[in-house]
Amino acid sequence: DTEVTQTPKHLVMGMTNKKSLKCEQHMGHRAMYWYKQKAKKPPELMFVYSYEKLSINESVPSRFSPECPNSSLLNLHLHALQPEDSALYLCASSQMLQSSGNTIYFGEGSWLTVV
Amino acid sequence: SQKIEQNSEALNIQEGKTATLTCNYTNYSPAYLQWYRQDPGRGPVFLLLIRENEKEKRKERLKVTFDTTLKQSLFHITASQPADSATYLCALDMRGNTPLVFGKGTRLSVIA
Numbered sequence: 060d061t062e063v064t065q066t067p068k069h070l071v072m073g074m075t076n077k078k079s080l081k082c083e084q085h086m087g088h089r090a091m092y093w094y095k096q097k098a099k100k101p102p103e104l105m106f107v108y109s110y111e112k113l114s115i116n117e118s119v120p121s122r123f124s125p126e127c128p129n130s131s132l133l134n135l136h137l138h139a140l141q142p143e144d145s146a147l148y149l150c151a152s153s154q155m156l157q158s159s160g161n162t163i164y165f166g167e168g169s170w171l172t173v174v
Numbered sequence: 095s096q097k098i099e100q101n102s103e104a105l106n107i108q109e110g111k112t113a114t115l116t117c118n119y120t121n122y123s124p125a126y127l128q129w130y131r132q133d134p135g136r137g138p139v140f141l142l143l144i145r146e147n148e149k150e151k152r153k154e155r156l157k158v159t160f161d162t163t164l165k166q167s168l169f170h171i172t173a174s175q176p177a178d179s180a181t182y183l184c185a186l187d188m189r190g191n192t193p194l195v196f197g198k199g200t201r202l203s204v205i206a
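Protein chains in written order, with this note's numbering: chain A, 60 to 174; chain B, 95 to 206.
Bound-form chain A, shown alone:
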């Protein structure tokens, strides 16, 4: 079982809705990530938080808004999404962002469908 917990597992939302995806880890990791994955494609990095500060934003549209309330929690706020944003959203964590042979622990993902 993964040690990164994501909720909800499935979400259907309309294009005018506001919703949030939540992620939690209790491994003491200081780097947390959001990835987006479409069918038969690799995970695509969206955001990275390092020590609770946004470290990387891969030019993600502003309709996706990340938040890191504390070192264990990571949220992704969703507003005015488009149908093409439908995908599997993966949260992940690692000990830290710098390369030291860190492995990334992924959650099970949240399946998002925008209608």
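Just so you know, these hints were derived from the structure itself, not from any lab.
We put the CB at the ideal spot given by N, CA and C, even for glycine.
Wrong hints could be hidden among the right ones.
Here are the computed lysine-lysine pairs in the DSS-like style, where the Cα-Cα straight-line distance is at most 30 angstroms [stated by the list, open to error]: (1) B:K165 x B:K97; (2) B:K165 x B:K111; (3) B:K198 x A:K99; (4) B:K198 x B:K165; (5) A:K100 x B:K165; (6) B:K149 x A:K100; (7) A:K100 x B:K153; (8) A:K100 x B:K198; (9) B:K149 x A:K97; (10) A:K99 x A:K77; (11) A:K68 x A:K100; (12) B:K111 x B:K151; (13) A:K112 x B:K198; (14) B:K111 x B:K157; (15) B:K157 x A:K100; (16) A:K95 x B:K111; (17) B:K97 x B:K149; (18) B:K153 x B:K111; (19) A:K112 x A:K81; (20) A:K99 x B:K153; (21) A:K97 x B:K165; (22) A:K97 x B:K97.
Derived coverage of chain A by chain B (criterion: at least 3 residues anywhere in the stretch with Cβ under 8 angstroms from a Cβ of chain B; other residues may be distant) [to be verified]: (23) 102 to 115; (24) 165 to 171.
To give an idea of the interface, some chain B residues facing chain A are shown, with a C-beta separation under 8 angstroms as derived from the structure [unchecked claim]: (25) Y126; (26) L143; (27) R145; (28) P176; (29) N191; (30) L194; (31) G197; (32) K198.
Given the coordinates of chain A, work out where chain B should sit on it, guided by the hints.
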């Protein structure tokens, strides 16, 4: 330009044979190379990590090689089983504050 390529999108092999998956990269200098397994509808799971100064790493039926001259890693599953069927992703682990760079993955099907 920088590229990371996994040789096959899909690979079918017979149960009991050795599966070999390839990961090639250009214009990167990874300090480490990692392999992950992903089952449909689930998050990737870490399998193995190999450092740039290591030639080979083993874990049970898995073996990874890393050739920094060829800029290639090979991932082997010996005595493959249907339960090994999944997508396998390689990922480059760079120096500095940069996240992993994932390949597109190879979907392995082990046929009984």
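*Any of the earlier hints contradicted here, and which numbers?*
9, 16, 28
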